[in-house]
Amino acid sequence: MSYVVPVLFFTLISGLAGVVLTVAGRLFRVEVDDTVEKLTEALPGINCGACGFASCAKYAAAIKDGKIAPNQCKPGGADAVNKLSEVLGKKIEAAEPEAAFSHCAGACTIKYDYQGTESCRASELYYNGREECRFGCTGLGDCVRICPTGAITIGKHGRAVIAHNKCNACGLCVKACPKKIIRIQKVSRAVHVTCCSKDSGKATRKVCANGCIGCKLCEKKCPTQAIKVRDNLARINYDLCNSCGECASVCPSKCITLRRECDILLN
Amino acid sequence: MILNAVKLPEYKDSAEKKTETPPLPAKVIISLSQNIGAPCEPLVKIGDNVLTGQMIGDSNALISVPVHSSVTGTVEDEVKILSVDGRVSRALVIKTAPLNKMHESIKPPEITDKASFLKAVRNSGSVGLGGAGFPTYVKLSFDKSKTPVNTLIINAAECEPFVTGDYREIMENSRNVFEGIELVMKHLEIPKAVIGIEKDKPKAIALLSDIIKEKNADGITIKPLPLKYPQGAEKILIYQTTGKTIKEGELPLHSGCLVLNVSTVSFLAEYMKTGVPLITRRLTIDGDIVNNAKNIFVPVGTPLEELIKSANLRKTPDRIVFGGPMMGFSAYDMQTPVTKTTGAVLFFGEFNKTTESACIRCGKCIHVCSMNLSPYELNTAYDANNIPLLRRLKVNLCMSCSACSFVCPAKRNICEKNQLAKQLLKENKS
Numbered sequence: 001m002s003y004v005v006p007v008l009f010f011t012l013i014s015g016l017a018g019v020v021l022t023v024a025g026r027l028f029r030v031e032v033d034d035t036v037e038k039l040t041e042a043l044p045g046i047n048c049g050a051c052g053f054a055s056c057a058k059y060a061a062a063i064k065d066g067k068i069a070p071n072q073c074k075p076g077g078a079d080a081v082n083k084l085s086e087v088l089g090k091k092i093e094a095a096e097p098e099a100a101f102s103h104c105a106g107a108c109t110i111k112y113d114y115q116g117t118e119s120c121r122a123s124e125l126y127y128n129g130r131e132e133c134r135f136g137c138t139g140l141g142d143c144v145r146i147c148p149t150g151a152i153t154i155g156k157h158g159r160a161v162i163a164h165n166k167c168n169a170c171g172l173c174v175k176a177c178p179k180k181i182i183r184i185q186k187v188s189r190a191v192h193v194t195c196c197s198k199d200s201g202k203a204t205r206k207v208c209a210n211g212c213i214g215c216k217l218c219e220k221k222c223p224t225q226a227i228k229v230r231d232n233l234a235r236i237n238y239d240l241c242n243s244c245g246e247c248a249s250v251c252p253s254k255c256i257t258l259r260r261e262c263d264i265l266l267n
Numbered sequence: 001m002i003l004n005a006v007k008l009p010e011y012k013d014s015a016e017k018k019t020e021t022p023p024l025p026a027k028v029i030i031s032l033s034q035n036i037g038a039p040c041e042p043l044v045k046i047g048d049n050v051l052t053g054q055m056i057g058d059s060n061a062l063i064s065v066p067v068h069s070s071v072t073g074t075v076e077d078e079v080k081i082l083s084v085d086g087r088v089s090r091a092l093v094i095k096t097a098p099l100n101k102m103h104e105s106i107k108p109p110e111i112t113d114k115a116s117f118l119k120a121v122r123n124s125g126s127v128g129l130g131g132a133g134f135p136t137y138v139k140l141s142f143d144k145s146k147t148p149v150n151t152l153i154i155n156a157a158e159c160e161p162f163v164t165g166d167y168r169e170i171m172e173n174s175r176n177v178f179e180g181i182e183l184v185m186k187h188l189e190i191p192k193a194v195i196g197i198e199k200d201k202p203k204a205i206a207l208l209s210d211i212i213k214e215k216n217a218d219g220i221t222i223k224p225l226p227l228k229y230p231q232g233a234e235k236i237l238i239y240q241t242t243g244k245t246i247k248e249g250e251l252p253l254h255s256g257c258l259v260l261n262v263s264t265v266s267f268l269a270e271y272m273k274t275g276v277p278l279i280t281r282r283l284t285i286d287g288d289i290v291n292n293a294k295n296i297f298v299p300v301g302t303p304l305e306e307l308i309k310s311a312n313l314r315k316t317p318d319r320i321v322f323g324g325p326m327m328g329f330s331a332y333d334m335q336t337p338v339t340k341t342t343g344a345v346l347f348f349g350e351f352n353k354t355t356e357s358a359c360i361r362c363g364k365c366i367h368v369c370s371m372n373l374s375p376y377e378l379n380t381a382y383d384a385n386n387i388p389l390l391r392r393l394k395v396n397l398c399m400s401c402s403a404c405s406f407v408c409p410a411k412r413n414i415c416e417k418n419q420l421a422k423q424l425l426k427e428n429k430s
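If you're matching them up, the sequences are chains G and H in order.
Everything in the first sequence is counted per this note's numbering, starting at 1 for the first residue and increasing by one.
Everything in the second sequence is counted per this note's numbering, starting at 1 for the first residue and increasing by one.
Chain G extracted, bound-state conformation (with noise of 0.2 Å):
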């Protein structure tokens, strides 16, 4: 009958142990608003920075605070939107969807034999890249390799290509371009110029045949003022532009384009 004590004497200690602990729980509770953890998880959680906010935590955060919008996580989109306004318990408008655009169709010829490291940005550090025109996609895929979901291709030209439905608009791509040549721009938008160059008419179309010239032939053509030519460069003013795509149909160097066309031409 040894074992008996043992048995009594642990029995009673956690007996004892419970009620303190139950005691304790009661007492020093902690109220934990689990809002902000359900919020992040409703977040895609790739912490792309195109919010604003350093982490789809701290966004979360933000959201709960009421400091921002809840529709401002461009690669959750309709999805994250949907999941949010559950969390939040109230209807949320969605924010028009965005892709990045590469604003560079060139067909531009290479100045040097490039046999450096495999990068746009190291191949800028000799006479401002591989290409002959400066302005240009040098088409070493620095945005290919930091594009999380894929969407970017160096297409045929070798000029990089985006796949608008897989583009989560994050903006990765957009800080790690040397030329900045890609922009987030709203899916609606139809009609994008290809070229950045802001060189003069005859420097560009020396090197490139499909480089704006800065001809003003969109900026007659065009029937609500939408396009305006400023530094040799073409630049359409998204308010006006109602997508009619005249300007394209008279651009001589065929750098005005419809997204859609753009998108079969390059691949």
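Wrong hints could be hidden among the right ones.
[Said to hold, decoys possible] Derived Cβ-Cβ restraints for the label pairs, each shown as a range:
{"no.": "1", "chain 1": "G", "residue 1": "157", "chain 2": "H", "residue 2": "357", "range": "25 to 35 Å"}
{"no.": "2", "chain 1": "G", "residue 1": "118", "chain 2": "H", "residue 2": "47", "range": "40 to 50 Å"}
{"no.": "3", "chain 1": "G", "residue 1": "33", "chain 2": "H", "residue 2": "38", "range": "55 to 65 Å"}
{"no.": "4", "chain 1": "H", "residue 1": "249", "chain 2": "G", "residue 2": "237", "range": "42 to 52 Å"}
{"no.": "5", "chain 1": "H", "residue 1": "175", "chain 2": "G", "residue 2": "231", "range": "50 to 60 Å"}
[Stated by the list, open to error] No farther apart than 27 Å at their CA atoms in a straight line, the calculated lysine-lysine pairs in the DSSO-like style are these:
{"no.": "6", "chain 1": "G", "residue 1": "111", "chain 2": "H", "residue 2": "80"}
{"no.": "7", "chain 1": "H", "residue 1": "394", "chain 2": "H", "residue 2": "7"}
{"no.": "8", "chain 1": "H", "residue 1": "80", "chain 2": "G", "residue 2": "198"}
{"no.": "9", "chain 1": "H", "residue 1": "422", "chain 2": "G", "residue 2": "111"}
{"no.": "10", "chain 1": "H", "residue 1": "80", "chain 2": "G", "residue 2": "202"}
{"no.": "11", "chain 1": "H", "residue 1": "95", "chain 2": "G", "residue 2": "206"}
{"no.": "12", "chain 1": "H", "residue 1": "186", "chain 2": "H", "residue 2": "213"}
{"no.": "13", "chain 1": "H", "residue 1": "411", "chain 2": "H", "residue 2": "7"}
{"no.": "14", "chain 1": "G", "residue 1": "175", "chain 2": "G", "residue 2": "67"}
{"no.": "15", "chain 1": "H", "residue 1": "426", "chain 2": "G", "residue 2": "180"}
{"no.": "16", "chain 1": "H", "residue 1": "80", "chain 2": "G", "residue 2": "206"}
{"no.": "17", "chain 1": "H", "residue 1": "429", "chain 2": "G", "residue 2": "58"}
{"no.": "18", "chain 1": "H", "residue 1": "45", "chain 2": "G", "residue 2": "198"}
{"no.": "19", "chain 1": "G", "residue 1": "156", "chain 2": "H", "residue 2": "353"}
{"no.": "20", "chain 1": "H", "residue 1": "45", "chain 2": "G", "residue 2": "206"}
{"no.": "21", "chain 1": "G", "residue 1": "175", "chain 2": "H", "residue 2": "394"}
{"no.": "22", "chain 1": "G", "residue 1": "175", "chain 2": "H", "residue 2": "422"}
{"no.": "23", "chain 1": "H", "residue 1": "247", "chain 2": "H", "residue 2": "426"}
{"no.": "24", "chain 1": "G", "residue 1": "111", "chain 2": "H", "residue 2": "315"}
{"no.": "25", "chain 1": "H", "residue 1": "80", "chain 2": "G", "residue 2": "180"}
Hints were generated in silico from the structure; no laboratory data involved.
Heads up, the beta-carbon is just placed ideally off N, CA and C, and yes, glycines get one too.
For chain G, the structure is supplied; the task is to place chain H on it using the hints.
Below, chain H without anything else, positioned relative to chain G:
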């Protein structure tokens, strides 16, 4: 004093040959931005006739020196040339006339005091001939009350393989070198001078020490240096000759040193005697497919296609390098002109592309970094986009000597990545 550095092969075949003067080129392309600082505005128009030594470009900016025509001829065109760092600068194309005539402004300058000396240095168009191209008059016009300079260091260390221009300057114009040093010491009131020169140039050392003995110049000493790369870099040379170190963001002036290239001082002495501005340049023509390695005098602005004629190549070059093989740059355009800072043009035959492999953490790059950085750590910090770490590891001290890339057994482009890291820091200034 222990210096982390690398021992490079020498290949100085052109060292004992007298400098030749090939016939004048048919045209010259004179860049209006040949120095660190502001580019010049052209003073002549297309169609104008210019004479040798005529000032064709000048600027009012603080850091800038005038550009002179190196030939007699007609201004044919104004073109834009792209320099390796991506700057687009204006350049004048001058068609050479058969008769070479000096401009009437060329006469020895009158030197009375420090101000007139500095003015003459500016008018000479002199820049640092070692390769960086910093305007000499800016370097010399320091404020003596703020930065008391007590040592003039003459850079005669030519540590890059192939290049022998500075050595030839000492061998051929040793009196000018001496007079140039005396001139700078006299006008800027610097009590002593040290000539830093490598041990493997005994003839040059003997020549210079003979002159110093003959003239009884006590202030000037010669410091023989070991054969190491990158010894010709300003900060390294100061450390090797005086033992002083320059902190990040400081200039050599702050530690009382003034470093001038041996060719620069020699040119200054020559200019004070003749008044001919900086219009010719001594170039080393060498490389593994060059039959007759030599130094030549060419007018500033000579395009590469003209240089090839005097190079006498065995076969078509695969790579043409302006400057030394370690820090020079490859040219892709046959119109690339010689500038005031070009010290050598090298022609290479086969150039195999190397492929990078993974870092094996051997630490060789750390052992050769003369700035005592850890290139391997810098690279991993850059890959991780870790800006605070890059700042703490002092990537800005990297002077792109590429000793790390040279010794890397995995053939990694370490130096290139350091440059990218420096750029990243510049973009993220806070």
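Original post:
Does the Cβ pair residue 249/H, residue 237/G satisfy 42 to 52 Å?
Top reply: holds (45 Å)
Original post:
Is the straight-line distance between the alpha-carbon of residue 45/H and that of residue 198/G 27 Å or less?
Top reply: holds (26 Å)
Original post:
Straight-line Cα separation of residue 247/H and residue 426/H no greater than 27 Å?
Top reply: Holds, because 19 Å separates the two Cα atoms, which is no more than 27 Å.
Subject >> Given hint residue 198/G paired with residue 80/H - CA-CA distance at most 27 Å >> reply: Holds: residue 80/H and residue 198/G sit about 15 Å apart, inside 27 Å.
Original post:
Keeping to a limit of 27 Å between CA atoms, is the pair of residue 175/G and residue 67/G held or broken?
Top reply: holds (25 Å)
Original post:
Is residue 111/G close enough to residue 80/H, meaning Cα to Cα at most 27 Å?
Top reply: holds (15 Å)
Original post:
Does the alpha-carbon distance linking residue 394/H and residue 7/H stay inside the 27 Å limit?
Top reply: holds (24 Å)
Original post:
Per the hint of 50 to 60 Å, is the separation of the Cβ atoms of residue 175/H and residue 231/G within bounds?
Top reply: Between residue 175/H and residue 231/G, where Cβ atoms are some 55 Å apart, the hint holds.
Original post:
Does the hinted range 55 to 65 Å hold for residue 33/G and residue 38/H at CB?
Top reply: Given range 55 to 65 Å: holds, Cβ gap about 60 Å.
Subject >> Restraint status (C-alpha distance of residue 80/H to residue 180/G at most 27 Å) >> reply: With Cα atoms ~23 Å apart, residue 80/H and residue 180/G stay inside 27 Å; holds.
Original post:
Between residue 156/G and residue 353/H, does the CA-CA distance stay at or below 27 Å?
Top reply: holds (25 Å)
**OP:** Given the hint that residue 429/H pairs with residue 58/G, test it: the Cα-Cα distance must not exceed 27 Å.
**Re:** Judged against 27 Å, a Cα distance of about 24 Å means the pair holds.
Hint compliance for this structure: no hint is broken.
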